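S.K.: Chain by chain, the residues run as shown.
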Amino acid sequence: MSLAITGWSVLCSAGIGVDAFTGLLDAHGDGASRAPDVRGLYEDALPAATAHAFVDLNVRATLGRKNTTSLDRRTVLALIACRDALGDGGVRVDDETRHRIGVTLGTTWGSLKAMSDYTKESLLEDRPYLVEPARFPNTVMNCAAGQAAIWFGLKGVNATIAGGHLAFLNVIDYTANLLRCGYADTILAGAVEEFTPHNAWANDLTRGNGTAGASGSNGSNGSGLAGEAAAVFVIERADEARAAGRRIDADVLSVATGFAPGGAAGGRLRTSLAGCLRRALARAGVAPEAISVIVSSDASGDARESVEAGAVADVFGNAAPVRLAPRAIVGDCQAAMGAMQVASLLAWHRGRPARDGAVSLITGWTDDGGVGAAVVKGWNRAGSDRG
Amino acid sequence: MHRVVITGVGPVSSIGIGVSAFARSLRAGRSGISPIASFDTTGFPHVCAGEVHDFHPEQILRRLDARRWGRSTLFAAAAARLAVDDARLDVDAVGADRVGVVIGTTCGESQVIEALTKQILRDGFAAESPDLLRQSPGNRLAYGVSEEIGAAGESLTISTACAASNYALGYAYDRLAHGDFDVMIAGGADSVCQWVHAGFYRLGTLAKDSCAPFDRDRAGILTAEGGAALAIETLDHARARGARIYAEILGYGLNCDADHMVAPNASNIAACMRVAHRNAGVRPSDVDYICAHGTGTPANDSAELRAIREVFGDQPPPVSSIKSMLGHTMGAASGFGAIASALAITEGFLPPTVNWRAPDPDMTGIDVVPTHARDARIRVVQNDGFAFGGNNAIVVLAGGV
Chain V
-6 MSLAITGWSV LCSAGIGVDA FTGLLDAHGD GASRAPDVRG LYEDALPAAT
44 AHAFVDLNVR ATLGRKNTTS LDRRTVLALI ACRDALGDGG VRVDDETRHR
94 IGVTLGTTWG SLKAMSDYTK ESLLEDRPYL VEPARFPNTV MNCAAGQAAI
144 WFGLKGVNAT IAGGHLAFLN VIDYTANLLR CGYADTILAG AVEEFTPHNA
194 WANDLTRGNG TAGASGSNGS NGSGLAGEAA AVFVIERADE ARAAGRRIDA
244 DVLSVATGFA PGGAAGGRLR TSLAGCLRRA LARAGVAPEA ISVIVSSDAS
294 GDARESVEAG AVADVFGNAA PVRLAPRAIV GDCQAAMGAM QVASLLAWHR
344 GRPARDGAVS LITGWTDDGG VGAAVVKGWN RAGSDRG
Chain H
47 MHRVVITGVG PVSSIGIGVS AFARSLRAGR SGISPIASFD TTGFPHVCAG
97 EVHDFHPEQI LRRLDARRWG RSTLFAAAAA RLAVDDARLD VDAVGADRVG
147 VVIGTTCGES QVIEALTKQI LRDGFAAESP DLLRQSPGNR LAYGVSEEIG
197 AAGESLTIST ACAASNYALG YAYDRLAHGD FDVMIAGGAD SVCQWVHAGF
247 YRLGTLAKDS CAPFDRDRAG ILTAEGGAAL AIETLDHARA RGARIYAEIL
297 GYGLNCDADH MVAPNASNIA ACMRVAHRNA GVRPSDVDYI CAHGTGTPAN
347 DSAELRAIRE VFGDQPPPVS SIKSMLGHTM GAASGFGAIA SALAITEGFL
397 PPTVNWRAPD PDMTGIDVVP THARDARIRV VQNDGFAFGG NNAIVVLAGG
447 V
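Line by line, the protein sequences are chains V and H.
For what it's worth, our numbering labels the leading residue of the first sequence as -6, then goes sequentially.
For what it's worth, our numbering labels the leading residue of the second sequence as 47, then goes sequentially.
The reader is advised that the hints may include incorrect statements.
[Claimed, not checked] Straight-line alpha carbon distances no greater than 35 Å define the calculated DSBU-like cross-link-like pairs of lysine-lysine that follow: (1) V/K113 <-> H/K254; (2) V/K59 <-> V/K113; (3) V/K59 <-> H/K164; (4) H/K164 <-> V/K113.
These are computed hints drawn from the structure, not numbers from a lab.
This structure is a prediction, so every number in the text was calculated from the model and none was measured.
Bound conformation, chain H alone (with noise of 0.2 Å):
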């Protein structure tokens, strides 16, 4: 078995493109948050959202041509394009038949589908556009990333709902663990879209203006896009061409809920993290701190820090949310709490909980890292990812090679 290690990061995000702004607004503590301008809100009684407002795909992408793929393979694609500078790898010198793609994602083309739907509705079926429906495919956000970085090997696209960045890093891992390729991309990409603001809102889970993970008065999520992707290779890979390693990854935990479509589980939570740490050789007092899933549902932190407190104990680590300045980025959003927690490890520094002001009476003795980030020492850190469909999903990186 080799070991594996994140080399390179790719965010492209409402609170900063590449690693340098996103850290920047990490640290900050800076809210993405922001009006909709991708549809039409008239009607909405809520209209913010965590668009990616100055996103430029051709500044970034080089191989791929921006009008021939769709807004959530963009985001990967460009993800994947950071990522790779980030790491210096040139991937003609790796081998593109060593280099496997793995991208997750929630709802695909998702904007591209609503265009289609409105051209359904403006002049029925046969006048949908070819070239659109070209573009809808799921597996496109995996093939768009290989495609631009010139990979020959796998490309895979995971879509296990918001949960899926981190069934992608798990796979990656997996891959490269077992010697199958020396590098792979691995994150994740959505769109925000009407339907999915529309469905958030009639669950009544969708916040007004500000997401509050972990405060007594949240009232849940709002709706986010973006891309992000890490480049893993081999620590050997990595060692023999002298990249510098962000973190290790040291195994990761699947399990399903079984019960229910939408409705979080505490006790399979907790299950699935015993599962990841059991895979990782890591003992809950080795974790340093959890990156949560932390959307800001009242369902959702109350079962993960339940869970937390099932597996962890009465002194759990500090727990965080960065959802709280990125909005709930779905199948993306694992992948920036890799990213996040990369950066935790290397920079030495606690992500922050925005927007928390009073403490829920059920989860006292609880740090969430209110509002300012914190300098800190992190060797493990836990990486949640909880899905639709009860797809629960958690990945343990570490620090220290």
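In isolation and in its complexed conformation, chain V is listed as follows (with noise of 0.2 Å):
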């Protein structure tokens, strides 16, 4: 069954809204494109000094001010990225619809740093037990889904997937089946990731050689600078969606997900990827030669040194599509990386048409194993507000 994007969110180091994400995308075309200076978010020693982090979030000019203090920063970006995906989409929240429209987000360890703060209270407060009552909602993973319920008034399925650099992709599988068995009429499918200290310094301590070997023998995903982005999208049934007239932004026409045991150091990873894309072209019926463009998570697109690069090698051959590779311009952004990677395509389609119905690949994969990938025909959106 196909899904249809038609609606979408994207926040990151350049600001909220698309126009902030093209015009970073555009800088970095014009080799402009540059890290923020983060050392003014944290007491906290950081890494490095800069991040692709947003580090002009103000969550009450944004949000406001109501039932905005006890939040972490994660949810805060969900909930930004949420609402206007709803505004975006036009989706009518009522009580008609509220109980079908549902919520997906991806996400790594939920918010680590409020984990570990929580901890880190516990254990240095005269009391063990004196730590904040309305912050310990933000310490389970499910909460920025469970927030964005509250804060929208979504009554329908709310689930949050965990998936690394792979979350994404795993989100968009996890959506299709839910709007395949009818459980929902709408979903907000997205995924987050924050910048805090504490993800910088996993980012950066977890780093092997920048990017994984094809040999796949001391590789990590975790390659560049920690990144911060949110990137949510409303998904529907393809055909429901052109039958009420909606405006599409993408069609959605397979995913497929697999795991390569061993992950990186058992050196089944590119195969297992390799094999994933096909799954996914033959799930959408797509020949490799009808694929316009690879939407890739690594920075590199050297089979030697990118598992990536290696199995579309392997099923492209030399025959290879078009490169997008949106890492080195929003960072390492760990769960978000699959929602920038389609945030980056629909980017690519915005106000284009002679790009219209062109078809795309998106690729990911993790260090333990996860390999996944999507098929997906993207379209301009016509009257733009990039003309």
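With the hints as a guide, bring the two chains together.
M.R.: The structure is reproduced here in structure tokens:
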């Protein structure tokens, strides 16, 4: 069953909104994109002076003063992205529809900082139970999705998927099943990663050689500076969306995920990912020659350095399509990586009717053996703000 | 659509590791609550939890190197190994690509994150152990299971807090019903940790040393841990290989309260029950037993029983809470509920609500199976799971396949 994306939102180091994001992409094309200075964000030491973080985030200016004091950063980012996706997609939320509108968000840890800070508070306070009760919900991994349901009154299926670098492809897979089974009519599907000292150090200390070698012996997906991003997409059943005359930004034709036992050290990641790409293409009924664009999660497109590039070479041979690789622009934004890949693709289509109907492949993987791919057909948005 | 059946169960719990020990404890009404050993409880007024003290993962696991994985993943992987063995499944014979994994959790590798936090406090962020950081992501739970059993299909970690196992079971059911896989391993895992103990205490929902669901004087939950996994396959696949069948999964329902992060909502829980019944094709009168979420907090138990009254009327079926024995195992909780439900169907008994002393005047007329297990013929079971974030998930199981 085909899914339609009928609205979306994005936020990244350049700020909130599609215009800020496309501006960042264009600046990178001009060689002008730079990660902002993050030293003023936290009192804790950071591994690097810069990161692709949203340093100008002002919670109260964006979400208001009410009910925002205790929210963790990840939840704030998710709320902004969900709000803007609902708006962009023109989703009608009322008592007739709200129990059929759900949320599916991807994550890595939940908020690693919220969990760690709660432990720290318990360890350092005079009494170990003198923790802040209002912040306790931030330590459960489904906090952001649960808060989004509360803020926007969405009583349909509410799910959180922990997938690390593969989270958003997992989210698409999970969402596709919900819609196929008729458990919901509309899903806000997205992924979020916050920039905190905890995430930045995790990124820094687990980095291997920058990218995973094709041999997969000593690699890590965590390459480049830490990133912070969120993107949320309004997803519906494609046939119903068309019948209702909804504006379609993209059709998700298929998704496939799998697992390579042994992970990066096991040497089977590349072949497993290649198998996954073939499965996704077969499910979409699309031949490799019909793919116009590969939207890669790896920074490098060199098959000797990158698991992903190796798998693409295995499937596409020398006739490799155009390659979009947003990692250099948005940083290593972990769970949000796949969502930013899809956002990059929609930005590539936006305002460019000549690219209508181009079919693209989104690819992803994790150090531990997760592999995934999705086939997406994109459309420009007629009358878009980029005209 | 394929019919979907449970053919193996793997409990790793404070009341027993493996199906025989777990079933014996359920029947005996044994409590798994004990003084906490995994962290220093000095200064805590309440110091008990449902820890699995005799968990030796290396004795159960065949492929995973226990030193390289966090405690929650080890619970999940050990439970999966037990479930696969109980089902007499040979993953290679099924085909690694035809076997998927879906695991639920609340806090993922919480003990790993606490260990990292101690490193940060002692020597700063730069001193964090890269090995522990690599063990910390939540998606490791499903990966550890896939790795242990040699599955190459989808490997998904669902982190919908304390309803997560039911989400996982439901998702496995869909995947099998639609023929996407032949076998799925589904379940959940979590570990006892200091921050969760502190948080529940601070919320005023932590009992002292005994969890007494539905009792007039119930004081709250006890934090607990463990891993619960079920081997699930299509009925055709199970029959073709002559597998023993515990129960059929008829369907499930999900919804979201969308009104409060921690307080349950009776009318939304009732709505979730109706969705589950509709999806499973059963009427309330078909349900012979409700394996309750039954955390033992005043708020949960009242809301759950109000919802049951609303859906089932004045004469609901017996309702019991195995959390009275296990404590609240978070992401594993509804997985243990599903295992208990499968055993209730297969062995013909109602698991008891232990520690129950006096009826709540607001909850009269409900049979909570107090204190002692009871023999009973059970065909259809409703297994409840509710969570922070208002994530409600209910799975309906049936015998007689």
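S.K.: Compare the structure with the hints numbered earlier in the document and write down the numbers of the violated ones, lowest to highest.
M.R.: none
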